[in-house]
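Asks: Protein chains in written order, with my numbering: chain A, 1 to 121; chain B, 1 to 113; chain C, 1 to 90; chain D, 1 to 90.
In case anyone wonders, no lab produced these hints; they're calculated from the structure. Since we're looking at a predicted model, the values are computed, not measured. Glycine included, C-beta positions come from ideal geometry on N, C-alpha and C. This list has only true hints and no planted wrong ones.
Pairs of lysine to aspartate or glutamate residues, derived as EDC-like cross-links and limited to a Cα-Cα distance of at most 20 Å, are as follows:
1. B:K23 - B:D61
2. B:K15 - C:D53
3. C:K75 - C:D65
4. D:K23 - A:E97
5. B:K15 - C:E86
6. D:K23 - A:D99
7. C:K23 - C:D74
8. B:K15 - C:D48
9. A:K23 - B:E108
10. C:K75 - B:E18
11. B:K89 - A:D82
12. B:K23 - C:D83
Ranges between beta-carbon positions, derived for each pair:
13. C:L10 - A:P101: 42 to 50 Å
14. B:G87 - D:R74: 16 to 24 Å
15. C:R9 - D:S61: 32 to 40 Å
16. C:G8 - A:R95: 48 to 56 Å
17. D:L47 - A:R21: 32 to 40 Å
18. C:L10 - D:G60: 25 to 33 Å
19. A:I62 - D:E87: 40 to 48 Å
20. A:I62 - C:A70: 42 to 50 Å
21. D:I85 - B:T13: 48 to 56 Å
22. A:T13 - D:G34: 48 to 56 Å
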Amino acid sequence: MILGRVVGEVWATRRDARLARAKLLVVRPTGIYEPAFGETASGETASGGRHLVATDDLDAGIGDQVVVCLGAPARASAGGNDVPVDAAVMAVVDRAEIDLPALGAAGAGPGIRRKLSEALG
Amino acid sequence: MFLGRVAGTVWSTVKWPETRGLKLLLVRPYRLGDLAPGELRAGAEASEPTDDLVVCADLLDAGPGDDVLVAFGHAARVAVSEKLAPGAKPNVPIDAAVVAVVDRVELEGEARR
Amino acid sequence: MWMGRVVGRLWATRQAASLAGRKLLLVRPETASGAESRRLIVAVDGLDAGPGDRVIVARGSRVRDLTVGAEVADKDVVIGIVDGHELGRS
Amino acid sequence: MIRGTVVGQVWATRKARGLEGHKLLVVAARDAEGRSTGRLVVAVDVLDAGAGEDVTVAFGSGARNVLRPGPENRDLLCDAAVAAIVEGAG
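Please work from the sequences and hints to get the whole structure.
Replies: Here is the structure:
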């Protein structure tokens with residue numbers, strides 16, 4: 001699962017029939033998002049590396065901080081293993097605390113720490 | 001899943017049998033700003049797709065210039081499974097497919113397209 | 001999946017048993033501007049592609065299971081040889 | 001699995017039914033040299049790990065095996081879980 005912030009919503013009329021009722025949110029990951037799949041051409045910027053689109057049935061909205069689950073559990077929550085979904089909102093975050101000294105101890109430089117603390121608001 | 005713009009088409013005949021007849025598109029993923037909040041509104045980054053190319057199977061008849069939603073992995077194989085016999089397992093050796101053609105994306109209050 | 005150009009073959013003096021008899025290609029992905037990326041990927045080939053060919057490479061254990069076989073150590077597989085591609089028009 | 005350091009925790013009232021009752025930790029992944037890669041993973045924690053602790057995180061079927069070992073666990077809504085609290089490594 002990854003932590004992210006909802007930054008947008010997607011509307012699509014022509015969509016896979018199994019996605020007919022799904023609400024689609026654009027999520028910007030907090031921290032660096034390295035998808036397990038979906039690496040592409042240049043490699044330096046993995047496709048979707050900076051954003052992802054997730055289905056949502058928890059009624060999250062723009063600005064909300066969310067936990068997004070990837071892969072099979074996301075499909076299960078979106079309706080079953082035959083639904084073409086690879087990411088779903090699994091929780092709307094009330095509060096997230098990042099312990100910056102602990103992050104520093106993990107070897108994160110000041111740049112990463114500053115960006116993460118900003119991203120977490 | 002990610003958002004991208006269809007940049008073109010790719011044709012290939014020598015394929016694994018299960019992939020025959022599949023339309024393959026070249027998609028350029030969008031980049032939606034970096035880590036820092038606020039950058040998204042200001043940055044021109046949000047409006048231009050990247051230089052990357054992802055090859056995606058397509059059953060929704062998307063074409064160059066369309067914005068699309070692409071799913072990876074098992075989800076992509078499931079997306080093309082309606083081309084297969086009913087009840088057949090999604091045993092197509094692909095890893096990316098278009099699951100929706102996007103009408104509009106709203107980003108933090110601003111509508112695009 | 002992505003498109004790339006085969007820039008060579010790879011032979012190993014010692015390799016995992018699961019790679020024995022497998023043809024390994026060196027592939028450089030291409031970007032929308034037509035530039036080749038600096039990245040180099042070692043992909044298994046079951047379609048008889050060769051240097052100079054443009055190929056489509058897919059990644060993943062399931063893709064591998066469905067094509068070259070579940071025992072193969074490499075999860076990057078050539079799934080198509082490109083006849084042609086077009087950017088910008090339908 | 002990856003190795004990482006627990007750097008935070010997430011609280012959520014609105015969450016998927018499968019996540020109810022689970023503690024969610026934020027783990028910063030570390031590279032081969034022990035430096036943070038900048039990648040953050042949210043992992044289910046049933047081992048009671050705390051901030052600053054060195055842990056490993058399992059993904060996919062491995063994560064489900066942490067919550068309930070065995071093949072009959074595909075119903076679990078979990079793609080990442082703390083699998084071990086590291087005591088030492090050499």
